[in-house]
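Engineer: Chain by chain, the residues run as shown.
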Amino acid sequence: MKFLNKIIWFYYREYKLNLSGFQDILTNIIFFFVSIFIFIFSIGPDKKMISPIGIGIIWTLLLLSSTLSLRKFYQDDFENGNLLIIHLNGFSFGFIAILKTLSHFLFVQLPFLFSIPIACILLNISSDKLINLLTSFAVGSLILSCLGSISSSMNLMNQRNFLLGSVIVMIFSVPVIIFSVGVINLEENFNSLINILFGILLIVFAINPWASGLCLKLSLENN
Amino acid sequence: MILVKDLSFERSNRKIFENINLSLTPGKIILLRGKNGSGKTTLLKSIINIIEPSSGSIYWKSKPLKKNLYDFYNNVTYIADRTSSLSKLTVQENINIWKKIFLSKIDKSQIENILKTLRLDVYLNKRANSLSFGETKKLELLRLIIEDKKIWILDEPLSNLDDETIDIIEQTFQDHRSKEGSIIFSSHQNSGIGLSEEIIL
Amino acid sequence: MFLINPNKFNKVGDYLFKPLLILSIILFALGLLFSFYLSPDDYQQGSTVRIMYVHVPSAWLALLTYAIMTLYSILALAFRIPFGFIFNTAVAPIGAVFTLICIISGSLWGKPMWGTWWVWDARLTSVAILFIIYLTIIFMNLSFENRIVREKVVAIFILVGSVNLPIVKFSVDWWNTLHQPATISKLSKPSIDPSMLTPLIIMTIAFMMIGIAIAILRIKTEIISRKSNLS
Chain A
1 MKFLNKIIWF
11 YYREYKLNLS
21 GFQDILTNII
31 FFFVSIFIFI
41 FSIGPDKKMI
51 SPIGIGIIWT
61 LLLLSSTLSL
71 RKFYQDDFEN
81 GNLLIIHLNG
91 FSFGFIAILK
101 TLSHFLFVQL
111 PFLFSIPIAC
121 ILLNISSDKL
131 INLLTSFAVG
141 SLILSCLGSI
151 SSSMNLMNQR
161 NFLLGSVIVM
171 IFSVPVIIFS
181 VGVINLEENF
191 NSLINILFGI
201 LLIVFAINPW
211 ASGLCLKLSL
221 ENN
Chain B
1 MILVKDLSFE
11 RSNRKIFENI
21 NLSLTPGKII
31 LLRGKNGSGK
41 TTLLKSIINI
51 IEPSSGSIYW
61 KSKPLKKNLY
71 DFYNNVTYIA
81 DRTSSLSKLT
91 VQENINIWKK
101 IFLSKIDKSQ
111 IENILKTLRL
121 DVYLNKRANS
131 LSFGETKKLE
141 LLRLIIEDKK
151 IWILDEPLSN
161 LDDETIDIIE
171 QTFQDHRSKE
181 GSIIFSSHQN
191 SGIGLSEEII
201 L
Chain C
1 MFLINPNKFN
11 KVGDYLFKPL
21 LILSIILFAL
31 GLLFSFYLSP
41 DDYQQGSTVR
51 IMYVHVPSAW
61 LALLTYAIMT
71 LYSILALAFR
81 IPFGFIFNTA
91 VAPIGAVFTL
101 ICIISGSLWG
111 KPMWGTWWVW
121 DARLTSVAIL
131 FIIYLTIIFM
141 NLSFENRIVR
151 EKVVAIFILV
161 GSVNLPIVKF
171 SVDWWNTLHQ
181 PATISKLSKP
191 SIDPSMLTPL
201 IIMTIAFMMI
211 GIAIAILRIK
221 TEIISRKSNL
231 S
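If you read the protein sequences in the order shown, they are chains A, B and C.
Taking the working numbering, the leading residue of the first sequence gets 1, the next gets one more, and so forth.
Taking the working numbering, the leading residue of the second sequence gets 1, the next gets one more, and so forth.
Taking the working numbering, the leading residue of the third sequence gets 1, the next gets one more, and so forth.
Incorrect hints may have been included.
[Said to hold, decoys possible] Quick list of in silico lysine to aspartate or glutamate cross-link-like pairs, DMTMM-like style, CA-CA up to 20 Å:
id, chain 1, residue 1, chain 2, residue 2
1, B, K35, B, D81
2, B, K88, A, E79
3, A, K6, B, D81
Worth flagging that the hints you see were computed from the coordinates, not collected in a lab.
Please model the complete structure; the sequences and the hints are all you need to start from.
Structural biologist: See the structure below:
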C-alpha cells in the first residue's frame, strides 16, 4: 500500500513539473502545428501532393519533438540530485526508468494524440483512417518514449555532445516508423499488422528497464 | 545498526580511503573530517550503496547491506553536496511535494515551527531559484525534517552557512540525537557539539 | 587465454602480426588475380559481376565484426572481463570501414547493373543503419570523458544495437525487393559455381586477415594507453 502511494505521489510530482501551467502543454501543441505549417509551406499547398505524405509528416514531427524533449527526461533530475533521492525513496533504477517512461508518454506524447485529428484536417488525410492512425500512433509513441529513455540515460555523462542522444533515438526508430506508416497504408490487414508494432513495443519495453537502469546507476556512481 | 568493516576504495591506482571501520548505533553522531578531495563524499556514497567499494563490507542490522537495501533505505535520509529543491516551483510547493512523496506524517505546525527557526517563513511564496545559496541549503535541511527518518547521512551540511544558522542546525542535531536518531556528517571543520566519534580522512 | 587476457594477447599478437600481413598481401594478390582473370563472366551481368568479390566479403566481415563485438560486450558486462571493452574501442572503426566499402562498392555495382546508385530497400536501409551505429560507437568513444562510464555505455549500446543484425541478415528473405536473395547458406549446397566461389573465399580470407592485422595493432595501442592511464 505504501509502495502504491509512493508511485501515485511520484506522478503527482511529475505532473507538477511538466504540466503545472497551461503554457507547458500549449507550447508543445503550438510547436507541433507550426512545424506542420512549415512543412506545408515548403512543399506547397497543393492538396494532391500533401495527402499521401501527410501521415509520414505527422510521424516525423512526432519523432523530432520526442528527441527535443529528451533533455528533460533524466538530465534535470540527475543534475540536482533528485534522481538519487527518488532511488533512496525505495525505487530501483529499472523501476524509475519504467515510471519515467510512462510519465513521458502521459505528459508529452498524449497531448499530441489530441492534436492529431486537427492535423489530419490540415493535411487532408481522410478521416476513415483516423481510428487506425490513433491506435498505431499510441503504440508507436510508447515505443519512442522507451527508446528516448534508453538514449537519454546513456547520454547523462556526456558533457560535450548532446546531439548524440537524438541520433540514438532516431537510429532505432527507423523500423518503428517503417512499420507504423506501412500499417496505415495497408488497411485490409490492419489487425494483423498492428501486432508487429505490439511485438516491437514488448521488446523495447523489456529492454528499457535493464538498459536505462544500468546507465542510470553507472552515471550516479561516477558523478 | 550500520556496521562498516575495513572499507577501502581505490580509483586509477590511487587509494582514496583505506580500512575504514565505523559503527553507527542509535544516539550516535559521527563526524567525517578531511580536506577537500580526501574522499568524504566517496565514503558516504559507499555507505548508501551508490558506489561500490574496492574491498570491505557494510552491514545493516547484522545482515549484509545489499540483501537488505529496501529496509535500509526506509530508515535513511541522505543530503548530497547539491541542493535538490525544484527550482521552478515555489518553496511552499516544494514542501508540499516533499510531504507527499515521502508519505510524511509530520503535522503542519511542526513544519511552521522549523520554518520560523530557520527564518524561511518569509520566503514561502518565492521560487526556489531566487533564494540565496545558504537559504537553499536551509531548505534542504527542511527536507530532512519532513522525511522523518532515524538515520541522517549528510554531505557537508554546514558549509557556506553563517554562524547563527550553524548553531540552529547543531541544535537540531542534538534534538535528533535525544530522540534516538543517529547522524553521520562530513565537514572540513571541527564541530562544536559533542561527537561520539570522529573519523579523519 | 589470448582472447581474454591482454598480456597473452600482446604476446600472441606480436607473433602473428607480420605473418598475417604478408599472408594477406599474398592472398589479396591471388584473389584479385582470380577475380579479374581466372573467373568467368556472368551470363547476365558480364564483367561487372567482379565487383561482387569486393562487395560480398566486406559485407560478411562488417556483420561478423559486429557479431564479435556483441559477444565481447556480453563478456565484458556479464562476466566482467575488461578485455571486452578494449576490443570494442579498437575494432569499431574497422567494422565501420568494412561497412563503408560494402556500401560504396554496392553503389558502384548498382548503377550500371540496376540503373540506380541507391534504392530504399530493406537490406540497403539496414546496412546504412549499421554504418550509422558504427559511427555512433566511434563518436561515443570520443565524447565521454569518464572512461568507466564510457566503456560500459558503449557496451550497452552495442548490445541494444545488435537487434539490427538479424534484420540485416534476413531482410532479403523477409521482404521481396531489389537486392538479390542469399546465395550462400550453410544449410544447403551453395548455388554458386565453384569457379566463382574460389575467388570469393580467397578475398574473404584476405579481408579477414588484414582486418585482424589492423585489429592487433589497434588493440595493442589501446592496451598501452590504458596502462599508462592516458584514456
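Engineer: Next, verify each hint and record whether it holds.
Structural biologist: Checked hints:
| no. | hint | verdict |
| --- | --- | --- |
| 1 | B:K35 - B:D81 | holds (15 Å) |
| 2 | B:K88 - A:E79 | holds (14 Å) |
| 3 | A:K6 - B:D81 | violated (25 Å) |
Of the numbered hints listed earlier, the single one contradicted by the structure is hint 3.
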